[in-house]
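2 protein chains.
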Amino acid sequence: MEMLDSKQLTNHLKQILEKEDYRFLESEIFDYHPADVADSLKRLHLDQISLVIKILTNEFSGEVILEFDEDLRDDILGKLSSKEIAEEVIEHIDTDDAADVLNDLSQERQEEIIGFLENAEHATDLIDLLNYEMDTAGGLMAKEMIRVNINWNVNKAIREMRRQAEEVDEVFTIYVVDDKNVLRGTLSLKKLLLTQSVRTPISKIFSEKDLITVLDTESSDEVAAVMEKYDLVALPVVDVNNVLLGRITIDDVVDVIKEEAEKDYQMASGISESVESTDGVWVLTRARLPWLLIGLVGGILVSRVIAMYEDQLQVNPTLAFFIPLIAAMGGNVGVQSSAIVVQGLANKTLDYNGIFGRLGKELLVALVNATICAVVLLAYVLVFNSEAALSYTVSISLFTVIIIAALFGTTIPLLLNKYKFDPALATGPFITTANDVIGLFVYFIVARFMYGL
Amino acid sequence: MEMLDSKQLTNHLKQILEKEDYRFLESEIFDYHPADVADSLKRLHLDQISLVIKILTNEFSGEVILEFDEDLRDDILGKLSSKEIAEEVIEHIDTDDAADVLNDLSQERQEEIIGFLENAEHATDLIDLLNYEMDTAGGLMAKEMIRVNINWNVNKAIREMRRQAEEVDEVFTIYVVDDKNVLRGTLSLKKLLLTQSVRTPISKIFSEKDLITVLDTESSDEVAAVMEKYDLVALPVVDVNNVLLGRITIDDVVDVIKEEAEKDYQMASGISESVESTDGVWVLTRARLPWLLIGLVGGILVSRVIAMYEDQLQVNPTLAFFIPLIAAMGGNVGVQSSAIVVQGLANKTLDYNGIFGRLGKELLVALVNATICAVVLLAYVLVFNSEAALSYTVSISLFTVIIIAALFGTTIPLLLNKYKFDPALATGPFITTANDVIGLFVYFIVARFMYGL
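Chains as they are written, first to last, in our numbering: chain E, 1 to 453; chain F, 1 to 453.
Only chain E is shown next, with the shape it has when bound in the complex (with noise of 0.2 Å):
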């Protein structure tokens, strides 16, 4: 099946209900992936969907609903019931995904749909991973795995991993524990598929060789470069004894790494919270106005320090055109040494071993491009203006503020780094303000004495 074109299901899907013949819906559209069906679901009106959601069967529907977006999400569970959460949705999903859903909800509502559960393994299930934040790897784990006996031989381990396999979607790994359920070393299917008799124990075809486990407790962004670095598609959850939790795979850690590289993009674009643009009016001021505001504030104090020099400006109003260009230049090369120490950080390619080396380096693009960016200014103001003490005037301070915001550029965010602070916040607007600030200060000082005032 290829992705197909989701708006000739939703014209279908309409007519379906339209006509309110639903023969489709009870055979027809399993055919298609939950993904696809999701995303043309998502063109009908709410109540249509909830309608569709209810005629479907209920492990599809569940996948089904997964598959939205979480503003939709809650849009479709706040027309349903508990009970028809608890049986069309929570009861066939994994147990990751339904904590996932059910986080979203009261906590009253999570108990009243807990207690509709038929499953009474993965009600208990449930309610131990709704124990742990949402940011850390016992949020992240599902329960569902396979697991086996280190005392079993790989008959009885197979004949158990049949079993276990009618819940676990996909197998990837498969971890070998002791009595106490202490993870002892993993299992791979290669090593299976190779064993040629059944009787061989599982503790001599076992590896007890890089096992990389996590804590419960160890946050997503921990979890996430872990996965990373060994390029693992399953990871196990270890409790302080060891104790196997849970396991947590490469699916859910893709949307940890993704929201991690989006959160320092929209830092550095100003806008406070994850947001998209799907989102509704109020959201999307909320997270924008406060960078807003402080854009504002800077603005104001980049006023105040204009003012100190209103006096040269009445002699020499041809100062006021370059103002924008040093507090732009200042603003752009801040915030391009900001992004790259920050996504240094963030890819761990920069250690505090080498902060010196770092400064030095930015230094050296700093003196480049502020010579060049220097000589082309002078040249354009020496030819378009004519005026001596402008031209050396602007041409220094653009020089002085270059290299000055790339020190500050790169300063700001380690030190951020350093007192825990997320170091993105300096390609915010803090940096830009504070890039204005001294530029415009250097400006005017350059124009005081080039001026001979």
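Be a bit skeptical, because a hint or two may be false.
Straight line, CA to CA, 20 Å or less: simulated EDC-like cross-link-like pairs of lysine to aspartate or glutamate [stated by the list, open to error]: (1) F:Lys229 with E:Asp100; (2) E:Lys258 with F:Glu228; (3) F:Lys42 with E:Asp231; (4) F:Lys229 with E:Asp178; (5) E:Lys420 with E:Asp231; (6) E:Lys348 with F:Glu228; (7) E:Lys263 with F:Glu121; (8) F:Lys263 with E:Glu18.
Simulated from the structure, these hints should not be mistaken for laboratory data.
On the provided structure of chain E, position chain F as indicated by the hints.
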């Protein structure tokens, strides 16, 4: 094994190299994960690293080299002969990784290295893979995978899988093909585990459902989108006749997803190519100077705009105070609006159906933000500058500039995307400069009106 402190291992390696006693490298080092060994080696001198690489067994050294970042890897390869590269690196790593390594080398060197390979199938596969562009499905795929013929039974399939498993690291999916190697479906390990009789024909237990494939010529962005949408761990690659060519695993796609997110971030920060803080001065300068020069030209343009209103500035030098504020706020709003659209396009949550809805919503957000910011600024200027004309000028201009910048910032990336340019260009200096120019025009026009000039 937990993640270890790689500095300790670095120190140990240093001692070993000093003492010239290499026994550690011949046995105990295999207890470490190649990623950790690579991390520790990074801190040694290039000559020391190459020495260690040569001493390590061929299989292990290949895996270690893969963990280095590209620059270091190329440096190390520069220290090895073609024969050494073939034997110590290429021969023992998966075809997709091997193709990545070879892709960085000259064509001459590639051919030389392939000539030294002992495994003829590996060599043919590699030549095949090197024909693909790196950013296509063909460029991402590996040739290693488990495939069974639809005409076999479980017994024969398991026997063949045992043979194939020796060269495949991880078994994610078993692909079912016909005699012409046309992909017919998949066989889940779960199904295989659950099948009781070894005589059962594969054709009875394989699944044709939910078979998602990509063409070898598809772009890597599309591959990432498909794998994310369907939460896939492995994706089969086929040609136009549906012949199975290879498979792409999620770990390679995580890099694509991450690079994509980082690219937008770098673009927004005014960095034109993917650079890291570890890159050289010249690479870093080249990535940044073009944006600074564009910013410089923008600043010069802005200076021309201001120059047009020199007479006004002469009469009211206080007007100059708020020039940076108006310019900066236009830029801030524009970048916010663009960033939201850029992310919406990247995540496919935004489509053209919604363009007017998007603009309408953005207009609402802008109205709220503009009103609040303008009122704050009005109050400030009235209280502190107590010049009525100035306060009205700055607040009316600010209001207008925020609205224009928001609409502009929303429209430009949508238009860029429509005409196949990278929408992230809009978050760079272009839009900031455009907003500066428009903003200052608005400012001086409003001022002329307010001061009755």
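Results for each hint:
no.: 1; hint: F:Lys229 with E:Asp100; result: holds, 18 Å
no.: 2; hint: E:Lys258 with F:Glu228; result: holds, 11 Å
no.: 3; hint: F:Lys42 with E:Asp231; result: holds, 19 Å
no.: 4; hint: F:Lys229 with E:Asp178; result: violated, 38 Å
no.: 5; hint: E:Lys420 with E:Asp231; result: violated, 27 Å
no.: 6; hint: E:Lys348 with F:Glu228; result: violated, 25 Å
no.: 7; hint: E:Lys263 with F:Glu121; result: violated, 45 Å
no.: 8; hint: F:Lys263 with E:Glu18; result: violated, 45 Å
In the structure shown, a violation is registered for the earlier hints numbered 4, 5, 6, 7, 8, in ascending order.
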